[in-house]
Amino acid sequence: MSISNKTLASVQRAGQSVNLAVTALEEAARTANRELVSAMASQPYSPQTDRIFADWKTVARISKDVEAMEQSLRDIYAQISSMVRVETEVLQALPSYSQAAPSASTSPDIQDAVVKSPGRSTKKSAKPKTVRRPRTPGSTNEDKLRAYLTTALSRRKGKEVTQSQMSEATGVPPGSMTATLKKLADKQVIVEGPRGVYKLG
Numbered sequence: 001m002s003i004s005n006k007t008l009a010s011v012q013r014a015g016q017s018v019n020l021a022v023t024a025l026e027e028a029a030r031t032a033n034r035e036l037v038s039a040m041a042s043q044p045y046s047p048q049t050d051r052i053f054a055d056w057k058t059v060a061r062i063s064k065d066v067e068a069m070e071q072s073l074r075d076i077y078a079q080i081s082s083m084v085r086v087e088t089e090v091l092q093a094l095p096s097y098s099q100a101a102p103s104a105s106t107s108p109d110i111q112d113a114v115v116k117s118p119g120r121s122t123k124k125s126a127k128p129k130t131v132r133r134p135r136t137p138g139s140t141n142e143d144k145l146r147a148y149l150t151t152a153l154s155r156r157k158g159k160e161v162t163q164s165q166m167s168e169a170t171g172v173p174p175g176s177m178t179a180t181l182k183k184l185a186d187k188q189v190i191v192e193g194p195r196g197v198y199k200l201g
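Numbering (the working numbering), first residue to last: 1 to 201.
It is worth saying that the hints were derived from the structure and are not from the lab.
Note that the coordinates shown come from a computational prediction; the quantities given were computed from them, not determined experimentally.
Don't take each hint at face value.
Said to hold, decoys possible - Once the Cα atoms are required to be at most 25 Å apart in a straight line, the calculated DSS-like pairs of lysine-lysine come out as:
(1) K182 - K157
(2) K183 - K157
(3) K64 - K199
(4) K187 - K157
(5) K187 - K199
(6) K182 - K159
(7) K182 - K199
My request is simple: use the sequences and hints to build the entire structure.
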């Protein structure tokens with residue numbers, strides 16, 4: 001059995017559309033993140049802040065689901081490309097997700113990540129700044145730490161973050177930090193490298 005050029009082009013268009021959706025959802029997650037940080041600073045215990053937090057978690061979850069769809073379409077495209085009829089032209093590959101901005105994740109204590117233009121700067125990334133804040137009712141240690149790390153870290157390059165910085169930024173007790181980090185690592189939310197270096201999974 002062979003695949004027609006028309007079929008391959010349809011899969012390619014689907015992948016391009018999903019890629020645009022990933023980019024849009026990531027921007028929506030960053031916007032929700034900024035709103036959440038502002039609300040936490042002004043009214044940390046208000047019902048409106050709880051609603052913003054819930055909305056932000058939903059957007060972040062949907063963003064990751066769409067990322068998974070994009071990966072599935074890339075895999076499908078790669079499989080059927082080898083089945084295209086010999087006389088058809090080879091189409092341009094699906095856009096790589098590595099060109100898209102890093103995604104956000106879940107929990108309230110977050111700082112906006114600074115997006116740098118690739119290749120323009122060789123300076124080391126500064127350690128993430130931390131801000132003390134009161135704990136938010138209803139959010140777990142895992143939620144708080146997940147939100148902080150998924151904003152402070154990236155998938156492309158590891159960054160050194162100490163447990164004391166994480167505790168100060170999130171309000172997670174130092175005694176619970178190791179266990180909470182292990183949970184996130186087991187769920188592949190983060191990848192832990194040597195000497196306290198982490199990156200997103």
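Each hint, compared with the structure:
1. K182 - K157: Between K182 and K157 the Cα gap is close to 20 Å, so the pair holds against 25 Å.
2. K183 - K157: Measuring from Cα to Cα gives roughly 21 Å; hence the hint holds.
3. K64 - K199: Roughly 16 Å between the alpha carbons, so the hint for K64 and K199 holds.
4. K187 - K157: Roughly 19 Å between the alpha carbons, so the hint for K187 and K157 holds.
5. K187 - K199: holds, 13 Å
6. K182 - K159: holds, 17 Å
7. K182 - K199: holds, 14 Å
Violated hints for the displayed structure: none, as all numbered hints are satisfied.
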